[in-house]
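Novice: Sequence:
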Amino acid sequence: MPARHGFKPLELSGLSQAPTLPRVVRAARPEDPALSLITDLHHGPCVVASHLDGLPQTLHLMMRAGVRMVFVSGADGKLVGMATAEDIQGERPVLRASSHHVPHRELTLADVMTPVHLWETVDLHRVRHASLGDVAATLQEHGLRYLIVTQRKGTEVTLRGLFSASRLEMAMRTAIEPDRHSRSFAELEQALAH
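Under full-length UniProt numbering, the first residue of the sequence shown carries the number 1, and numbering increases by one thereafter.
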């Protein structure tokens with residue numbers, strides 16, 4: 001930005017010796033504010049892939065971006081789903097290829113993604129008053145690895161951020177294991193719906 005807007009470049013200096021690596025002062029605690037570990041999508045781009053992208057192509061995109069989850073856009077550019085590395089590399093593609101009698105290499109994100117209508121989300125308003133322990137309990141109870149945060153403004157709902165179970169586990173130095181009973185019930189309910 002030009003200096004005429006009142007901004008000035010910061011003074012830089014060289015190093016005479018290599019700096020030491022930072023030490024974690026303390027692990028995140030369950031009572032810490034949830035917003036302390038949210039990935040806020042207002043402050044950085046999210047990784048988006050097309051519903052027509054192939055699975056190897058998407059994995060390559062994820063590796064380049066350093067993420068394990070992508071949002072999926074439809075032909076009109078609107079959000080239609082999400083896919084994790086596990087969705088792409090796990091049993092979902094094998095089952096889909098087998099049940100639809102198509103070669104694995106012909107599968108696209110549309111075949112393995114979790115569509116928007118199946119997402120379980122939380123509103124930013126609730127997150128503002130929540131703790132990391134609340135987020136961890138939500139991930140655990142619902143068997144989620146990602147908790148998507150939305151924000152309602154009038155009638156519009158915007159994707160606002162997300163929590164990653166892996167990030168919480170590293171920060172809090174604990175495992176977030178899914179509640180097998182809740183997950184089994186949810187899977188049973190989903191199977192009965194079809």
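Honestly, the hints are just simulated from the structure, not real lab data.
Even glycine gets a Cβ: it sits at the ideal position worked out from N, Cα and C.
Any given hint could turn out to be false.
Said to hold, decoys possible - Calculated pairs, DMTMM-like style, for lysine to aspartate or glutamate (alpha carbon to alpha carbon, straight line, at most 20 Å): (1) Lys153 with Asp40; (2) Lys153 with Glu169; (3) Lys153 with Asp111; (4) Lys78 with Asp134.
Unchecked claim - If you anchor each label on the Cβ, the simulated ranges turn out as follows: (5) Arg26 with Ser98: 46 to 56 Å; (6) His101 with Arg167: 16 to 26 Å; (7) Gly66 with Gly90: 18 to 28 Å; (8) Pro22 with Pro103: 41 to 51 Å; (9) His100 with Arg26: 46 to 56 Å; (10) Arg173 with Val102: 42 to 52 Å; (11) Leu95 with Gly154: 39 to 49 Å; (12) Val24 with Leu118: 35 to 45 Å; (13) Leu118 with Glu11: 21 to 31 Å.
Novice: Now look at each hint and say whether the structure bears it out.
Specialist: Each hint, compared with the structure:
1. Restraint check: the Cα-Cα separation between lysine 153 and aspartate 40 comes to about 17 Å, which is no more than 20 Å; the hinted pair holds.
2. This hinted pair does not check out: lysine 153 and glutamate 169 have alpha carbons roughly 31 Å apart, beyond 20 Å.
3. Straight-line distance between C-alpha atoms of lysine 153 and aspartate 111 comes to about 32 Å, which puts the hinted pair past the 20 Å bound.
4. Restraint check: the Cα-Cα separation between lysine 78 and aspartate 134 comes to about 30 Å, which exceeds 20 Å; the hinted pair is violated.
5. In this structure the hint that arginine 26 and serine 98 lie 46 to 56 Å apart at CB holds, the actual value being about 48 Å.
6. Roughly 39 Å separates the CB atoms of histidine 101 and arginine 167, a value that falls outside the hinted 16 to 26 Å.
7. For the pair glycine 66 and glycine 90, the supplied restraint of 18 to 28 Å holds, since their beta-carbon distance comes to about 20 Å.
8. Restraint check, proline 22 to proline 103: a C-beta distance of roughly 48 Å satisfies the suggested window 41 to 51 Å.
9. A hinted range of 46 to 56 Å holds for the C-beta pair histidine 100 and arginine 26, which are about 50 Å apart.
10. About 43 Å separates the C-beta atoms of arginine 173 and valine 102, a value consistent with the hinted range of 42 to 52 Å.
11. With their beta carbons about 40 Å apart, leucine 95 and glycine 154 fall inside the hinted range of 39 to 49 Å.
12. A C-beta distance of roughly 36 Å is found between valine 24 and leucine 118, which places it inside the suggested range of 35 to 45 Å.
13. The given range of 21 to 31 Å is broken by leucine 118 and glutamate 11, whose C-beta atoms sit roughly 52 Å from each other.
When each numbered hint is compared with the structure, violations occur for hints 2, 3, 4, 6, 13.
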